[in-house]
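Undergrad: Let the sequences and hints guide you as you build the complete structure.
6 protein chains.
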Amino acid sequence: MTNGIRNHQVGDKVETYFLIKTSTKGTASNGKPFLTLQLCDHTGEIEAKLWGCSPEDEQAFCSQVIVHLSGEVSEYRGRRQMKIQSIRPTTAMDQVKVADFIRSAPISPDDMLDEITQYIFEMKNANIQRITRHLMKKHQTAFLQSPAATKNHHEFVSGLAYHVVSMLKIARSLVELYPSLDSDLLYAGVILHDLGKVRELSGPIDTQYTLEGKLIGHISIMVTEVAQAAEELKIDSEEVLILQHLIASHHGKGEWGSPKVPVVKEAEVLHLIDNIDAKINMMDRALETVQPGEFSERVMALDHRSFINHVSISLL
Amino acid sequence: MTNGIRNHQVGDKVETYFLIKTSTKGTASNGKPFLTLQLCDHTGEIEAKLWGCSPEDEQAFCSQVIVHLSGEVSEYRGRRQMKIQSIRPTTAMDQVKVADFIRSAPISPDDMLDEITQYIFEMKNANIQRITRHLMKKHQTAFLQSPAATKNHHEFVSGLAYHVVSMLKIARSLVELYPSLDSDLLYAGVILHDLGKVRELSGPIDTQYTLEGKLIGHISIMVTEVAQAAEELKIDSEEVLILQHLIASHHGKGEWGSPKVPVVKEAEVLHLIDNIDAKINMMDRALETVQPGEFSERVMALDHRSFINHVSISLL
Amino acid sequence: MTNGIRNHQVGDKVETYFLIKTSTKGTASNGKPFLTLQLCDHTGEIEAKLWGCSPEDEQAFCSQVIVHLSGEVSEYRGRRQMKIQSIRPTTAMDQVKVADFIRSAPISPDDMLDEITQYIFEMKNANIQRITRHLMKKHQTAFLQSPAATKNHHEFVSGLAYHVVSMLKIARSLVELYPSLDSDLLYAGVILHDLGKVRELSGPIDTQYTLEGKLIGHISIMVTEVAQAAEELKIDSEEVLILQHLIASHHGKGEWGSPKVPVVKEAEVLHLIDNIDAKINMMDRALETVQPGEFSERVMALDHRSFINHVSISLL
Amino acid sequence: MTNGIRNHQVGDKVETYFLIKTSTKGTASNGKPFLTLQLCDHTGEIEAKLWGCSPEDEQAFCSQVIVHLSGEVSEYRGRRQMKIQSIRPTTAMDQVKVADFIRSAPISPDDMLDEITQYIFEMKNANIQRITRHLMKKHQTAFLQSPAATKNHHEFVSGLAYHVVSMLKIARSLVELYPSLDSDLLYAGVILHDLGKVRELSGPIDTQYTLEGKLIGHISIMVTEVAQAAEELKIDSEEVLILQHLIASHHGKGEWGSPKVPVVKEAEVLHLIDNIDAKINMMDRALETVQPGEFSERVMALDHRSFINHVSISLL
Amino acid sequence: MTNGIRNHQVGDKVETYFLIKTSTKGTASNGKPFLTLQLCDHTGEIEAKLWGCSPEDEQAFCSQVIVHLSGEVSEYRGRRQMKIQSIRPTTAMDQVKVADFIRSAPISPDDMLDEITQYIFEMKNANIQRITRHLMKKHQTAFLQSPAATKNHHEFVSGLAYHVVSMLKIARSLVELYPSLDSDLLYAGVILHDLGKVRELSGPIDTQYTLEGKLIGHISIMVTEVAQAAEELKIDSEEVLILQHLIASHHGKGEWGSPKVPVVKEAEVLHLIDNIDAKINMMDRALETVQPGEFSERVMALDHRSFINHVSISLL
Amino acid sequence: MTNGIRNHQVGDKVETYFLIKTSTKGTASNGKPFLTLQLCDHTGEIEAKLWGCSPEDEQAFCSQVIVHLSGEVSEYRGRRQMKIQSIRPTTAMDQVKVADFIRSAPISPDDMLDEITQYIFEMKNANIQRITRHLMKKHQTAFLQSPAATKNHHEFVSGLAYHVVSMLKIARSLVELYPSLDSDLLYAGVILHDLGKVRELSGPIDTQYTLEGKLIGHISIMVTEVAQAAEELKIDSEEVLILQHLIASHHGKGEWGSPKVPVVKEAEVLHLIDNIDAKINMMDRALETVQPGEFSERVMALDHRSFINHVSISLL
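Chains as they are written, first to last, in the numbering used here: chain V, 168 to 483; chain R, 168 to 483; chain W, 168 to 483; chain Y, 168 to 483; chain H, 168 to 483; chain L, 168 to 483.
None of these hints come from the bench; they were simulated from the model.
Please note: incorrect hints may appear among the correct ones.
With a Cα cut of at most 25 Å, we get these calculated DMTMM-like pairs of lysine to aspartate or glutamate [stated by the list, open to error]:
1) L:250 with R:223
2) W:401 with Y:399
3) V:216 with W:242
TA: This is the structure:
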């Protein structure tokens, strides 16, 4: 096999397997139908056009199908594009499976669960601990599979857990640096803040917003779940309210989707940590395929900025 | 008795009862303490200064006390002010009670409850009807007393119920005009949208935000209550989600406190009706003490605009 | 004939008449010219491509021509598109006329005029009544034909009158609910607020902005016309000024085109009613071709929101 | 007499005449009334407090009265204040008149009129020339007296004419530099753009907005007047429309009060010239009483900036 | 030769020379490569498509090559496009040179230098004069060639010098009109404000931002250069700081790229003059190819406005 | 001595030493002068009024004087105020010194310098290391004394160094978590980003902006200093440019004072770290004197939010 799409250069000849992520039919200016295939492997994605496709092709080359393809990496409007020479759907004979073509977190779900469990174990406040453990347990399976978003950052298998684990590490270093921070509250906030995404998003592959996601969103979902957990665990104290506030306010501002702005110190810090991990991840993603000295594509969620892949200063 | 504070002019001599709404201590430039009293009756409010007050005065003239006062209406920086000639706390002998001094809705709570009940009765969808009836019943007593806000509009006893009844009337006329509107959904949205204020606000007198109000707010409170009601009533259908969406989105935009913008037609219409009733109420309030041909004070919540009390055109 | 474009599904075979709304020439990537035809009937619109067109085709298939067409409804980038199998211009023999292909208000112009006349008749202030009647009479013919906009809402024959009639009905219900509202002023404001559109827009078919519309706009046009009407009728009183204010401020904010923000209560209410009728109309338009459970295209003028066509709750 | 308020320093003893611009009654913390007098001469203004005033004082020291005063310039919260030692109203014996105490343009009205007339005379397009001359003639007396604003810039007698003359000079230099500019249009725009202020403002002393100014504003007033002038002069050509556009758009943006943004080159240039003259005038005004090396008070209309009175570079 | 691209109408046959400004490869829907050529002469630009190009064509028709072309001006999506009938690269035999095809300032570099030198000569403050002369001398060659921007305004050979000369003329007329303005400071600010563009931009042909331009920009570059010049010339006085402030603040606002807003009067005026010259230039550019009575394309940098090419009023 | 101002409650009798931070003269409504004294010790500040002060008092009780005072902590408009019973300036006999009354960083300057030196020592890129060391050395004395701001955060002696040390610790933990980050660049950015404040601010006591601070600001100052250091050290490589970019962009947005937005990953991270340390410091400062369960005053720089001092969750 190859070293993955991400590392291919324009001009490379390719003969390998890909997963079709999405397949969209169009009509060319000569009136004939064609398919726009978004192909992926575990390292990245590339677009390909299948010109003059038959109705059978439409059936065969649809989303989630693994194909074998010969082609060449070309360029179109500044983006790499795969020029198809031949393409065929795979069969059992090819011995390939979908999981091999999907990007996932660099740490295994089990290891991440262990790490999160350790943070819960360290909590000193029993109410916070019980609510956090209860909700993690309730959604554990989905949580360990879920991406953290449909695009922009952590949009891969187990992306949500990976986002949480990274944030916990930053949280710990801030708790050490600023002793006035309440660690229980901050860790619980990190673990629960995006947990509602297991109901907001459709799952790790071809991720879409669910109806619930579109109508009420992961913040309202999780504020409600905390209330229900507290009821079930018969906890009725101020901690519940503060925990709900952390979740409700973690987007930081009304225009970013939070019904309340942070008025608890740990809520503001939760928002800042979320911001850091998401932004570094977005920049890493944008720079991944950029040559040294060149600028990335514009990143919508970072004010349409384009980032330079500068020379590695520390290694000069 | 007089015809109320609202109708007093500068220069009027006054000898009557007032309720102290708030009492704040200050220090004058001669170093002596004084009290700033916010006095009210059922028609409005006026400020008074009690200069050179003793520690006993501080005790005697505090919030919620009814006083008997002789004085004169003067003017300070364009606002009316009560100049105190004599003031004393009342006793049982005076036979006055707090309720007589508080502004309340022009319709009785019982009549408003009947009217709302009628709208619930008319609902055709059983799930919507049961959830609405369940939540109204649960909070009925508080709902019929609660103001709709701490200031700006409907900030009086039963203001919340009065706001809902007015909105229901507008809703009915729109349902008649636009047949595509779903009446059940719109009526339920109107009845429930602000119900969380019974937990967000402290009650009808000297209304404050509760801790819960400050940390999560009436929108998140009510989205959660709908979920809990549905669970209790064993209703698990799309209506629940849409009802939660109506509540979540009724402020119209993220920067106005809604975690989701309206994407259901009735949610947008709910927001528009809420807007109309609140704004007309605010303008009426601002114009209440303005002489014909004059402009009101600036209304913060209406983009700091000042409104003219124009001549009554239809009566010319 | 068929039941109209709006009700066609992808895959439907079509053999019927259409009106060409616009025809735009392009060059395909093979260097050959083609026409993009925007076809319409009285229920809606659909795009079609005429590939490899001759100079004669360009002449024949231009705007305002009625054609007979055989084809199939296909889909392109999520939008329905008409795939042309054969197309020909019609002749007198076909016995079709343009009026049959144009969308118009669901009430007849005469009925709408009667209704508006009734509101004018009810006015108690003679000056307001005379100005309103004078201007309605002056522009009556154009007013009854004019759309209310070039796109977004009420963009059809008699759309302006239909918009006014709907607003009058809302105005009446608000006047009943809020007795402090001045009905004469509000009704006159509703009737006149957009009347300048008869000079701002080019007319009901293929509606464009006139030079006057682009350079000064319907608000300035109408503020001027009220002044001229008052002069002609020898009315010189405060009502004229307030009426001009209602027109000038009815967009609500400077950034929405109003040279003055509303400072008269009825001006604010006029703006709110205008808003309601326009927004409900836009949502109805957006949802018109959306399947139950699906989301509409994004509506530019409603903050780019996409609306769900939810199940009809009241009918469940 | 002295060299004027503007040049007084803290600590200066003063014995001279002043005009009372405004007189406002207040109540001191000892319960006694006092007057806040805004005193002015032709160079500037200063505030004074008249403590413990009698009802007779209130009558005597009201707006537009000239007083004779002995006192000392002191400082309060960073602003100069006049400490009154003795004060008395003047009589005929004092031989002082209001006109001597009012700030006015540095050029005489007659000279300014001559200058403007010259620009009108130079116009080559008869329609533009006739409309401009007609409107200047109609409002000539008020125009030559009127200030250009109630505060911020050119808020003095003949300020409007002075603003126009300055702008005409800038306009001429731009016309010389950029030959593509249409001089007739630009000069007419400059002369007419703010002429509506003669109806928007109450006049040169204690300038207020008129009802007409508040309800429709000088832009709508003037757009209407151009239409009426054209009608009267029987001119019906595109020039009228473009002239109205220049007036309507001269504030540059909707949020700054223009119902249309400039889409004619001369309209944009008119806005830019207006901007320059207003801003330089505001900065000069703010810096007028500032010591070298110090910063001025914040100027609201210039984004709350504070300007430095730097050393005179060219003279070093 | 012809009278230039700018003056060609749709339908014109063309047989002439062009310079290829940019050449971009694409793939047509039939899978074949094509070139999009941006062609220019000294009057303007036009796009052309070279369909079905060979690898040799790609080599031959690249940026900076002069070609000889036969074709016809057509229209595509409202823009003119050159339809190529035949095209060939030129050789020495054609006797054409790049300089003939490039737009440049209407005044010669030498004349502009003379004019700027005159302003420097007039300066009375020796420090300001020496710094200005030093920096002009240092960058003289690049300055006289450089465009003032990559697009929008003065994006041609010597555009920067032309922009400076125009601004100096406006500055002089303002200095005459407002005697409080410090001419030395204003002239020096005009001459130096954009001088950093000689390092920010790559040069006059196919202008790009340099790495330095992207990372720190012409404002920071020039603030630094003034500090270095002052050090070198051993000038250590307040003038240096004020000069740096003029450069730093000349974009007027933080969101337009200035690290400080203007707090020196001449800094604000510098910003206003810069604005005027840039905006008039942009409008002239936009209107250059527009027929009388028509509207231009939308100008991004002028709030997306479209300007009308109105009839020449002064010539009617 | 006492345990400091910060810990005093309303009603406490106080007899101790204070430093006068600022002293401002006012005139009471009885016409007599008074002094508003801002008193401080090493824990916080409190305001006091000295009524009826003599000219000698004005001389004696000025900024930077240590006084001995008997008084009582009272409350005025929700803020604590010191009611003076007796006050006298101190003499050598009192054996008190200014340094004892000033707030400073909780770590000694020497320890902070050691820590920063260690980070410089670890740098692998010689150019980055040399520039950082050069500039730290150049400004070392001022840097170790300087506050980081005039208010809001780190506004105390050595506040700048303390801010840098905290940020370095966060930087190190992020470098460990995200291996793609270039540590040399990030550490150098942290150390240098605010170093220009030693020229922007007047020093640790009664901190003001210098003229240089107001006219060009610490960002432009430092971008220039890096250029000058590189010149002196004969370093001419891309690292210099990137380092300047980090400094120029560290406020994150144009409207927050950065002439360039971050386009280098480490620049964005530098901005995020700066944000975290500043915001946590501001919240700690705001909550410092707030009782458990109460809300703080509104914090201007944190969107006017008020923060709750919630119960210590981890200790429940």
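Undergrad: Check each numbered hint from earlier against the structure, then list the numbers of those it violates in ascending order.
TA: none
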